[in-house]
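Q: So the sequences go chain by chain: A and B. Just so we're aligned: the first sequence equals residues 1 to 113 in the working numbering. Just so we're aligned: the second sequence equals residues 1 to 112 in the working numbering.
Just so you know, these hints were derived from the structure itself, not from any lab. This structure is a prediction, so every number in the text was calculated from the model and none was measured. Cβ coordinates follow ideal geometry from the N, Cα and C atoms, glycine included. Keep in mind that the hints are not guaranteed to be accurate.
[Unchecked claim] Quick look at which bits of chain A chain B covers, simulated, 3 or more residues with Cβ under 8 Å:
| id | segment |
| --- | --- |
| 1 | 41 to 49 |
| 2 | 97 to 104 |
[Unchecked claim] In silico DSSO-like cross-links for lysine-lysine, where the CA-CA straight-line distance does not exceed 27 Å:
| id | chain 1 | residue 1 | chain 2 | residue 2 |
| --- | --- | --- | --- | --- |
| 3 | A | 41 | B | 111 |
| 4 | A | 41 | B | 99 |
| 5 | B | 68 | B | 107 |
| 6 | A | 41 | B | 68 |
| 7 | B | 107 | A | 40 |
| 8 | B | 111 | A | 36 |
| 9 | A | 19 | B | 107 |
Letter by letter, the chains look like this.
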Amino acid sequence: ETGVTQTPRHLVMGMTNKKSLKCEQHLGHNAMYWYKQSAKKPLELMFVYNFKEQTENNSVPSRFSPECPNSSHLFLHLHTLQPEDSALYLCASSQGQGTDTQYFGPGTRLTVL
Amino acid sequence: GESVGLHLPTLSVQEGDNSIINCAYSNSASDYFIWYKQESGKGPQFIIDIRSNMDKRQGQRVTVLLNKTVKHLSLQIAATQPGDSAVYFCAEHIYNFNKFYFGSGTKLNVKP
Chain A
1 ETGVTQTPRH
11 LVMGMTNKKS
21 LKCEQHLGHN
31 AMYWYKQSAK
41 KPLELMFVYN
51 FKEQTENNSV
61 PSRFSPECPN
71 SSHLFLHLHT
81 LQPEDSALYL
91 CASSQGQGTD
101 TQYFGPGTRL
111 TVL
Chain B
1 GESVGLHLPT
11 LSVQEGDNSI
21 INCAYSNSAS
31 DYFIWYKQES
41 GKGPQFIIDI
51 RSNMDKRQGQ
61 RVTVLLNKTV
71 KHLSLQIAAT
81 QPGDSAVYFC
91 AEHIYNFNKF
101 YFGSGTKLNV
111 KP
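Isolated chain A, as found in the complex (with noise of 0.2 Å):
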């Protein structure tokens, strides 16, 4: 265990509907980060956030929305998705931003139908 957890871990939703991806350290970290890793393609950073506030959104469609209340905690909120959405999301947390280690949670399977 890697001290970060994500909910759900996998997720199969509609077009129309709307759910939320939670992700949760327990490392005591400062910065937090979303990515989507699609089959045999690299990682791709999505958010991040450092000591609550948002410091990078890479170019997200704004059908994801992200949300973080405090340091542990970080969501990521579905609305309106498309097939091509489907992929693995991953959270991942660090004690600050740049060079410090990122800690991957399992992440969320999600499929878009």
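Start from chain A and add chain B according to the hints.
A: Frame of chain A; chain B shown alone:
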């Protein structure tokens, strides 16, 4: 985007042999590198890291080599075990952007 790639998408080795997984990077401003292991159904797991002021770093059964001249990174696993079967990918931190960029990964199959 930045190019972080792996030379071999799949590597099959016999149990007990040594494994070498390679990674090429393109940015001379990269100052820090990490190797991750990702088993099926799990998130990436930190294995070993190396800073750009080093050429070699050893862990338990793993060694990372950095050749800055040709912008090449390798992960060596000694006495490969079935539990080493996973996808391995490298990540480079580019100083100018203060971000990590990840490779697409190499799948390591360990044959008993």
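Q: Would you mind marking each hint as holding or not holding in the structure?
A: So, going through the hints one by one against the coordinates:
no., hint, verdict
1, 41 to 49, "holds (count 4)"
2, 97 to 104, "holds (count 7)"
3, 41(A) - 111(B), "holds (25 Å)"
4, 41(A) - 99(B), "holds (18 Å)"
5, 68(B) - 107(B), "holds (24 Å)"
6, 41(A) - 68(B), "holds (25 Å)"
7, 107(B) - 40(A), "holds (10 Å)"
8, 111(B) - 36(A), "violated (30 Å)"
9, 19(A) - 107(B), "violated (32 Å)"
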